[in-house]
Every structure is written in structure tokens, then in C-alpha cells.
Amino acid sequence: MSTLIVIDQPPYGTWAGREALDMAFSLAAFDQSVSLLFTGAGVNWLRKSQKTDGIEQKSIEKNLSAAPIFGVKAMFAEASACARYGLTIENMLAGVAIAENSSNLLHQYSHTAFSG
Amino acid sequence: MAAIQLQNYTLVITGAPYSSQAPQTALAFARATLAKGHRVDRIFLYGDGVHLASALSSPPSDETHWPGEWAGFLKESGIPGVVCIASALRRGLVDDAEQKRHELVASNLLEPFIIAGLGEWVESTMTSSRIIYFHAGG
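Each protein sequence line maps, in turn, to chains A and B. Using the numbering used here, read the first sequence as starting at 67 and increasing by one per residue. Using the numbering used here, read the second sequence as starting at 170 and increasing by one per residue.
Accuracy of the hints is not assured; some may be wrong.
As the list claims (entries may be wrong) - Label-pair distances were calculated between CB atoms; the ranges are:
1) A/Q174 with B/P229: 30 to 38 Å
2) B/E267 with A/I135: 39 to 47 Å
3) B/A266 with A/L172: 35 to 43 Å
4) B/L203 with A/I135: 18 to 26 Å
5) B/E280 with A/S176: 44 to 52 Å
6) A/M67 with B/D265: 20 to 28 Å
7) B/A172 with A/M67: 43 to 51 Å
8) B/D265 with A/A149: 28 to 36 Å
9) A/N157 with B/S230: 49 to 57 Å
What the hints assert, rightly or not - In silico negatives: residues of chain B with every beta carbon more than 12 Å from chain A:
10) E238
11) T294
12) H304
Unchecked claim - Stretch-level coverage of chain A by chain B, calculated; a stretch enters the list once three of its residues show a Cβ under 8 Å from a Cβ in chain B:
13) 84-93
14) 126-139
15) 165-175
Hints in this document: simulated from the structure, not taken from any laboratory. Computed from a predicted model, the values in this text were never measured in an experiment. Built from N, CA and C at the ideal position, the CB exists for glycine as well.
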């Protein structure tokens, strides 16, 4: 049993992504295999040095960097979405694998959940 | 006709009533599922879906009362309706225990829904043969 949590919502402007991350951390807390795929506007989660003072929200960067510590197996970013939103290795958080073909990736998991 | 392999489902609802069709679609799915002899292990309300468990929803009388419809279905079928505590507290959905803990002026959780953690959903991922998500879409 392995789960892929797909985050396709931007980090701010909606709580859906944060609640999807909670799902991933919860699975990991119960020793279940879980990985994250960022796609569409969701790849903006992976941007380095997010400054959120202006919107009075906590940056999600700290939450996300805790993912490996909590036991999340892997983090993937869809290549075409990264290109669309201008994310490169230089401005992306460390430890993220680029997925050229997310449909292949989806087939490797027995359960997938979207952030709504 | 080939025999259908019976499944046991968990339904996760993340879309709120009256801003999305998610609770309505999920209820139709749940009824159809039981009618075909499958089992529903659990309903899990997450994110905006927790609004379905509000005892204070008062839609106009010519509109379907979705929290009431769902509560009736859960009572009849005996299926547990679980509301994620973190999603619920953020959105002002509390039972008596949470009202006391957070010193709030009222509680508003509709029976027979119960408040519990994401661990219930995790258990579903381990025990249900299918998990179906009902999102707001759009």
C-alpha cells in the first residue's frame, strides 16, 4: 500500500494544499508509505525563499522542508509545470525529483489523493 | 451477467454543501453503492466538507437540507460519519468536548457525526478496498 498525494493548488489563496500536506504527514506518522507530487500551480510550493509577511500567512516552506523528517518518502515536481512557472534547480527547494511523465508515476502507487 | 466483486468503500467529502455539489453526489453514490450490495465503511469529511456536519444550516424550505439528508442516511445505515478535527476547528465546527476545551460560546456538531483525527482516514486507506473523493471541483 503506497499513497501519492497530489498537490495541484498554489500554496497561498487556498487551504487545500496545506490540508493535503497534513494528509501526507498523517500517513507518514502511521508508518504508511507516502510521497508527494506537485503539479500545475502546485509547483509554486517548491519555490525557495518565500516571503509571506504581506499576506499574514506562515510560509509553507518550513512545513515542506519537514517532509523527509516526518517520513515522506519522496517529493516530485512535474517537469512541464515547472517550466510553465519558471522553476529551475536554482530556485527550487532541495530534494525534489523532476517527474517527466507523471502518468507513469501515478501508476506506481496504489492510492492517490488530490488536494481538492 | 458476471458477478460483481463486492467492495468496501470509504467516501471522503471535501466540498461544502451549498457551494459545491460534492455532498449531494456523494450521497447518491453511497445509496447506489449499498443498493448494489457493497459496503460503506466510513464517511470522512475533510477541508470545506466539514460544513456538511453543521447543526446550524438552515437553507430555504424549498431547497434540500443536505446536512439533514446525510444525517438521516447515516442513522438509517449505521455508517460512521467522521469529521476531521483540524478542518472542523478552523471552520467553527465543534462538539461539546471541543466547545469546553476551547471555551467557545456554543457547539454545533450535527448528530450522528463525530469529530476525530486524520488517523481515521489513514485507517480507511489500510482497510477499505476503495476510497472515493468528492471534491468541490472548479
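Here is how each hint holds up against the structure:
{"no.": "1", "hint": "A/Q174 with B/P229: 30 to 38 Å", "verdict": "violated (48 Å)"}
{"no.": "2", "hint": "B/E267 with A/I135: 39 to 47 Å", "verdict": "violated (29 Å)"}
{"no.": "3", "hint": "B/A266 with A/L172: 35 to 43 Å", "verdict": "holds (39 Å)"}
{"no.": "4", "hint": "B/L203 with A/I135: 18 to 26 Å", "verdict": "violated (42 Å)"}
{"no.": "5", "hint": "B/E280 with A/S176: 44 to 52 Å", "verdict": "violated (35 Å)"}
{"no.": "6", "hint": "A/M67 with B/D265: 20 to 28 Å", "verdict": "violated (35 Å)"}
{"no.": "7", "hint": "B/A172 with A/M67: 43 to 51 Å", "verdict": "violated (26 Å)"}
{"no.": "8", "hint": "B/D265 with A/A149: 28 to 36 Å", "verdict": "violated (52 Å)"}
{"no.": "9", "hint": "A/N157 with B/S230: 49 to 57 Å", "verdict": "holds (55 Å)"}
{"no.": "10", "hint": "E238", "verdict": "holds (22 Å)"}
{"no.": "11", "hint": "T294", "verdict": "violated (6 Å)"}
{"no.": "12", "hint": "H304", "verdict": "violated (5 Å)"}
{"no.": "13", "hint": "84-93", "verdict": "holds (count 5)"}
{"no.": "14", "hint": "126-139", "verdict": "violated (count 0)"}
{"no.": "15", "hint": "165-175", "verdict": "violated (count 0)"}
The structure is inconsistent with the numbered hints 1, 2, 4, 5, 6, 7, 8, 11, 12, 14, 15, although it conforms to all the rest.
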